[in-house]
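Read off the chains here:
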Amino acid sequence: MKNVSTDKKEFWRSLKEYYDNPETFRNKINEFQDGVTDDFNPDELNKFSRRKFLALMTASAALTATACTNYRDKGEIIPFTNRAEGHLPGTPDYYASHINGKSVLVKVREGRPINIEGNPDHPVLSGRLDAQTPADLLNLYDPERLKNPSINTSSADWSVIDSEVLGILNKCADDNKEIALITHSVNSPTQFKLLEDFSKKYNSLKIYSYELVQNNRLKAWKNCYGNLDIPSISWDKAKIILALEADFLARDDNAIGNAILFAQNRDVMNSTEFNRLYAVEGGLSLTGMNADYRLPIRPDAQFHFVTALLNHFVIERKISFAKIPAAVENIISNYSLADFSNEFNVELKIIKNLANDLLTHQGSSIIYAGETLPVEVHTLVFLLNEVLANTKLYNFKSGFKYYNTATDFTDFKTLSEKLRKGEVGAVINFDANPVYHLPSAVDFADAFSKFANSISIVESENETSAISKYVLAANHELESWGDHQTRADLYELQQPVIAPLFDTRQKENILLTWLNGVYDEKAYHKYLMANFSEIIYKKQNTPVDVKTYWYNCLHDGFVELKNSYTSDGSFNLDNVSLSLPKIDKSNFVVHLQKSYFVGDGKFTNNGWLQEIPHPVTKITWDNYASISPLTADSLGVKNDDLIEIKTGEGNLTIAAFVQPGLPENTIVIELGYGRSVIGDVGKGTGFNANKLISIEPSNYIINKNVSVSKIGGRYKLVSTQEHHSLDDTFVKDFHKLRKIIREGSLEEYKNNPNFLHEDELHLVGITREHQYEGLKWGMAIDLNKCISCASCVTACNIENNVPVVGKDQVSRGREMQWMRIDRYYSGTPNAPEISNQPMLCQHCDNAPCENVCPVNATNHSADGLNQMAYNRCVGTRYCANNCPYKVRRFNFYDFREHLADAYYQNNLSNLIHNPEVTVRSRGVMEKCTFCIQRIMDARSEAIKENRELKGTDVVTACQSVCPTNAIVFGDINDKNSKVSKYREHKLGYHVLEELYVKPNVTYLAKLRNTHSEES
Amino acid sequence: MSTIDFTRELPVIEGRPSLREIDDIIAKPLESKPDIKYYIALSITLTMLLIGAVALGFSFYYGTGLWGNNNPVGWGFPIVNFVFWVGIGHAGTLISAILFLLRQRWRNGIARFAEGMTIFAVITAGIFPLIHVGRPWLPLYLIPHPNQHSIWVNFTSPLLWDVFAVSTYFTVSFIFWYVGLIPDLATLRDRTKNRIKKIIYSVTSLGWRHSNRHWQHYEMVYLILAGFATPLVLSVHTIVSFDFAVSIMPGWHTTIFPPYFVAGAVFSGFAMVQNVLIFIRKIFNYEHIITIDTLERMNKIILLTGSLVGYAYAMEFFIAWYSGVQAEQFAFLNRAFGPYAWAYWIMVTCNVVFPQLFWLRRIRRYIPVMFVIAVFVNVGMWFERFVITVTSLSRDYLPASWAYYSPTLTDGAILLGSFGLFFTCLLLFTKTLPVVSIAEVKAVVEGSQPSHGDH
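Going down the list, the sequences are from chains X and V. Going left to right, the first sequence walks through residues 1 to 1015 as the numbering used here numbers them. Going left to right, the second sequence walks through residues 1 to 455 as the numbering used here numbers them.
Everything labelled a hint here was simulated from the structure, so no lab data went into it. Virtual Cβ for every residue (Gly too), placed ideally from N, Cα, C. Treat each hint with caution, since some may be false.
[Claimed, not checked] Cβ-Cβ distance ranges computed for the label pairs, FRET-style: (1) X:K736 / V:F318: 22 to 32 Å; (2) X:P753 / V:M315: 53 to 63 Å; (3) X:I766 / V:H145: 27 to 37 Å; (4) X:A499 / V:F60: 21 to 31 Å; (5) V:K198 / X:T58: 33 to 43 Å; (6) V:F60 / X:T918: 40 to 50 Å; (7) X:S921 / V:F317: 21 to 31 Å; (8) V:F317 / X:D759: 47 to 57 Å; (9) X:E945 / V:L409: 41 to 51 Å; (10) X:P753 / V:F337: 35 to 45 Å; (11) V:L333 / X:P753: 46 to 56 Å; (12) X:P753 / V:F60: 34 to 44 Å; (13) V:A314 / X:K986: 39 to 49 Å.
[As the list claims (entries may be wrong)] Here are some of the chain V residues that sit facing chain X, going by a computed Cβ distance under 8 Å: (14) N70; (15) V153; (16) S247; (17) N275; (18) I278.
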C-alpha cells in the first residue's frame, strides 16, 4: 500500500484512480457522472446541504418533542445565598413576639413561621400557652385572607384608596362631621397613642370600643374603687377558691396565668396541701369540671347566693373587715344560706362547708365572679372579699391594664341613628366586626349597610367588611409591629417574623398613613420605637443607649417595668344601689358564654380550633344549646333536636344538647359561631347566638326573659366521644371499673399514701423481655394538675402536621388528633363527677400493635419508642384494632385534599408544615411519636457537643405549652430524673395495667380535696 | 321408602343409568348453546360484579374513607366479607377430601361442584385482604422478598399467616380440582367434534387414555392430594380465626375461635353448596345423580355444624363470665344487648334456631324449606363475622373511644360485587366444565362395581 506510514487510509476504486489518472481526478470533482446531469442543471438545485438539512430536522424534532410534553412550571428555586446574619439553613430561628394577646416565641424556618411557642422567660406565662394562640398561625396561612385592598369589591390600589379616604376624612374635618372609629378594647400603649394622635388631627373622631362579651368585673371595679387598676389574683396563695360562674382556668382573659398559679397548689410532688375549689355555676365549665365541689345553680341566682353568703358572714358570724353601708346590710339581712338552699335546691351541707372553709381561711381565700355576671354581683363579690380580708390576694403590682372601657350600647344605638340621619361623615371599622357582634337592638347592620363612606380594615372578609365600601386588607399579627401592656408591670413587644405575604398593610400603619398624609412602609415601626423610647426607655433609668435597649427588649419580647404600683382606690359602696331580684324558677334563663376556642368569631375559619373537641361535651365544629336532662325531658327534647329560643331581642333556632350537671330551666349557648360571611372552613358552623344579646344591662348576656319550645327538625352535632347516658347502668362507671381512671381523696392519700396500690396485681411475663440499656423515654401526666384545657392538642397538631378533617369526617369518627382528652362522667346526671385524661400513644414495651403488623411498619426503638415507618405502612389497620388505648389514627383519605375541596392544599397553606415531620398521605397509620423529631434534634446537638444525650434535653410539644406543667417527659432509666420520680410515685399508675402491655405513660391519680367526713 | 333394608347400602345414584347416559347427561350443558335464561342470569351477575367494580374503583381513587370504617372500628365490611367467603370455600374441600377419605360415596355426585365453589369462593375472598388495605398498590410488602431496605415481613403477624394459608389453600384446592377433572376432560375430548374444543380438551386432559395404568396412578395421586387437602380444610379457617384470636381485644381474644370458625365455615359452606345444587339438579336434570338422599345428608351436616356453632356461642358467654375479666364480660353482654343487639339476634336466630328444624326428616327432605333455611344460615354466618369483627371493636377497653360503625353504600356495593363475581364464575363454570364428575359418578352407579350380592 501507498503511504503506509500515514494514519489516514486512502481508498481507491480502480487502478486508474490508484495511479492518479487525471481523468479520474476530474470525475471526482464533478459530483455527477457524465450523462447523469443531462436532465437537470445541478446549479439550479437547492444549495441546502444534506448536513444542514439533517441538523435542522433534528432541531425541529427536538423542539416539537419538548413543546408537546406536559411541562409544568415547577416554580423557581432560589438559593439561600444571601442568608440573614446568624442564620443557618435547616435550623430554626426563634423570635420573641406577641400574638393573640400572649407573649410568644415564633419558630421560623427559612423565613416562614411554622410554630408559635410560649416565651419561657415571660414572668407571667413562663412559656405556656392556650389552645388558641398557636393555632393563630393557620390564620396567617389562610388561603381566604384578604390579599389586596378593594373599593366596592373591586380591587384597588393603595394610593387610590389612601387619597380617596383622606378626601373623605378631610371633608369630615371641614364639615365637622363625626368620624366613627370602631375598635375592640386597646391594650397597646402605642396604638392608643396613635388613636389619640388621630383624634387630635381629626377633632370630630369618636372612638367606639366593644368586646363581644363585655367585662362587667371591670365596670363593677370602677364603681367600687373608682379606677381601672383591677388587680390580678395571687391564686397560688389561695387555699379556698370560690368560682361563681367564673371559668378562670379557661375562658378568662388571663386564664393561662391563673392556671399556672392555681396548679402550684395541686402539686403532689411538692406538698400534700391542696387548694380547694368550689364552683357555683350554671353551664358546666372547664373550671367546674376541675372543682372539688360543684353546685349547679341558675346564673341569675348568683346574686342570691352572694347575698346569702354575706348574710352568713356579716350578720350571723359578725365578721367584717369592711364598712358596709346600711342599705346593703338591709338587703343582705333578708336572705340566708338556708333560704338559698331551699329555694334553689342546693345541698345545705356543702354550702355550710364552704362558708366554714371561707371563714377559717380568711385572707387566704378568694371569691371570683365570672365577667358575664351582672355588675351588681361583682360589686357584692368585691364586698365579700373585703369582708373576709381576701384583698390580701389582690396583686396590684401585676394588676391588669386597660386603656379604654367599652362604649355603652346606647352610644352605639345613637351611632346607628346618626348613620341613618347622615350625621356621620365616615365609619372606620378598625379590625372589628360590629355587624356580627353588636346586639340586634343596636340596629347597626342595617344603618351601616346603607351608609356610603364605610371603611373596614380587616384581615379577612367579615360581615362588616362585606358591606363596606372600602375594604383595606390588614396584616396578620405575625406580619406586624406592636406593643402591649396587659399588666401594670409588664410591657411586651411584637415584631413581624415574615414580610407581608400579600399586598396588605399593618392596620396601625394605615391610620398612620392618613395621619401623615404619606405612606411609609416603616412608619409604624418608627412610631413604635419613638413611643417606646418615650414611655419605657426614659422611665427605666438604664445605662445603655436606646437602640441597644430596644434590641434587647425585642429579643426578650418584654420589659419588666421598674415602677411598682399599688392601688390608690379605696372600696366605696356609697354610689351603689342594689336590690334583690325576684326569680321565677319555672322561667327559662339563657346564658350566653364565650367560646372556648373560636373566640368572638375571629377563629371561626380556623380548622384546627374548630376541630378541638369542646372540653366538656367533646363536640366539634358547632355551638349548641346545652340543657339539663330533666329540662330536656320536660321539653321532650333529645340531642340534636332543634329548639327555638324566643327573647325580647329575637328568636334563635338552635340544636339542643343534653348536658349533665346543668340546673333546671337553664340554657347555655356559646358565642362566636354561625357567621354568615366567612371562609369555606367556617361556613355553616353553628348558630349565631349574638342576636340574643340584650342591650339592657339586666338582661345583657344572662337573659331571663325567655321562652323555649321544641320545633321539628334535627341538626347533627358531632363529637369525638359517644354520649352514654349517665344513668345507663349497662355502661356506668366503666372508667373506674376498668381502672382507666383512678382517683381518691386527698384525705385518703394522707392517711395511707399507698391506698392506690393496695389491691395491686402481680403481673408475670412469660417471655424473655427486652432489656433497655441507656436512655429510655417515658412520660408522666399528673391528673391533679391537668385541667384539660387542650393546649397540648393544638401544640401537637402544629408540631406534627396533623390535618384538619372537617365535621363530616369527625361524625364518622375519623378525627386525626394524636393527643386527645378523654372525659368520663360518674355520679348522677344532676351532679356529675368528671374525670379527664389526656390520652396519647403509651409507647408500650409489649406494644400489641407491633406484633400484628404484617409488614413491620411499626416497631420498637432501642430507646423505648414505639415507631411508625410511614413508607412501609400498607394500611391494614390491624395495629389500630389491637391498640387497647385506641390512639392510632388512620388516614382514610388524603385529608388535606379531602377537606373542602383541598382547602388547605395550596401553595400558601403548605408553608405551615413543620419540615421535620412527614406530611402523611392517605392509607397510612399514624400516632404520637413522643416528638421524635425533637429527640433527634437534641441527639444531634449532644453529638455536636460531644456529650451524652440527657432526658431533660427533650421537651415534647405538648409538654412545652402545658400551662400547669402536668406533662413530664424524660429518661425513665435515669432514676434521678423527674419522670422517674413520677413513675415511682405512690399515686402513679398505668392505664389498663393488667393487660401487661407495659405502657410508658404514667398517670398520677387525681386526688379530690373533699372534706374528710365525706371521703 | 317404608321398608329399608339396612344391611344394604342405599344406591347413591338412582335409576341405574347406563354409563353412556351418564356421559350424555353430564356433557349436555357443554355441548349445547346457552339458552336465554342463562344469558339473563349471567347479565344479572355481571351487573352485580360491575357495581362492585365501580365501587372498588372509587375506593381506590378516593381512599378507604368511602367505607364506614372509623377509628375504633378499623375493620368493617371487607374483612367480614373475607372471612365469609373463605368460610364458603370450606365445603368444597371438605366434601372432596375428607369425605373421600372417609369413603362417603354419596359425595361423588356433588364433589366437583363443591370444589368449583371452593375455588371461586377463595378467589372472591382473596380479593378482600388486598383491597381492604389503605394502600392497595403495595401488596408486594406482604410477600417476603429480598429488597434493598433489608426489611423482612413480620412473621408474628396473623395477617401474614393469612397470606400463606389462603394462597396454599387455593393452590392445593386448585390442583386437587384439576387432577379430578383429567379423566372427564379426556371423556369430553373423545366426545367433541369441535376442533377448537378438541385441542383444548386434548391439552388439558394431559394425554389421558382411560388405561388401567392411568387409573392406578390417578387413584394414588387423588388419595395423596386428599390427604394433603384435609389438614388444610382445618388450617385455613383456624388461621383466619387467629386474625382475631391472637389480638388482645375483648371479644376477639378467645381460644375457642379455631374450632368454632372451622365449624362455622363448614356450616356456611354446606349451606351455600346446598343452595346452588338445588338449582343445578333441577336445571340440568341431575335429580337422579344429586338425589334427595344426598341433600338430606348435607342437611344433617348443616344441623351438626349449626349445633356446634350454637355451642360455641354459649361457651363464649360462659368463658367470658368465668374469666372474671370485666372487659371480656362486657364485650359479650354488649353483643347481645348493646347497640348491635339486632345483628347478634339475627345471627343467633339464623344459625342456631332455624337449622334445628333439620331434626325433622320431612324438612330435611323438603326442598323449599331446606333452601330457605340454608339461605338463613348464610345470612346468619355473614352476620356472625359482622358481630365478631364490628361489635368487639366498636366498644373495646376505653369507653371514651367507643363509636358506632355504620356501613356506607360503597360497602354494600362491594359486597354485592363479591356475590356478582362468585356467581359469574359459577355460571361460566357450568357451561365450560362438567359440574358433576363423570368418572366418579360412573364409579358409584349401581352395578358398576363388582359385588357379591346379586348373583
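Practice task
Take the C-beta atom of X:A499 and the C-beta atom of V:F60, compute their distance, and say whether it sits inside 21 to 31 Å.
Solution key: For X:A499 and V:F60 the Cβ distance comes to about 43 Å; the hint is violated.
Problem - Interface restraint verdict for V:I278 against chain X (beta-carbon cut-off 8 Å) - result: This hint is violated: V:I278 lies away from chain X, its Cβ roughly 38 Å from the closest one there, beyond 8 Å.
Problem - Satisfaction of the hinted span 22 to 32 Å by the C-beta atoms belonging to X:K736 and V:F318 - result: Holds - the Cβ-Cβ distance for X:K736 and V:F318, about 26 Å, lies within 22 to 32 Å.
Handout entry: Hint check for X:P753 and V:L333 - Cβ pair distance inside 46 to 56 Å
Key = 37 Å, violated
Practice task
Given the hint of 34 to 44 Å, check if X:P753 and V:F60 actually sit that far apart at their C-beta atoms.
Solution key: 58 Å, violated
Handout entry: Pairwise beta carbon distance, X:P753 to V:M315, judged against the given window 53 to 63 Å
Key = This hint is violated: roughly 44 Å between Cβ atoms.
Practice task
Could you check if V:S247 really has its C-beta closer than 8 Å to a C-beta on chain X?
Solution key: The hint holds - V:S247 has a Cβ within 8 Å of chain X, the shortest such distance being about 5 Å.
Problem - V:K198 paired with X:T58, Cβ distance criterion 33 to 43 Å - result: 57 Å, violated
Practice task
Indicate whether the distance between the beta carbons of X:P753 and V:F337 respects the range 35 to 45 Å.
Solution key: 41 Å, holds
Problem - Interface hint outcome for V:N275 [beta carbon to chain X under 8 Å] - result: V:N275 check fails; min Cβ-Cβ to chain X is 32 Å, beyond 8 Å.
Problem - Assessment of proposed distance window 47 to 57 Å (beta carbons of V:F317, X:D759) - result: 27 Å, violated
Handout entry: Cβ distance range 39 to 49 Å for V:A314 and X:K986, holds or violated
Key = The hinted range 39 to 49 Å holds for V:A314 and X:K986, with Cβ atoms some 44 Å apart.
In this structure, the earlier hints numbered 2, 4, 5, 6, 7, 8, 9, 11, 12, 17 and 18 are contradicted, and the remaining ones agree with it.
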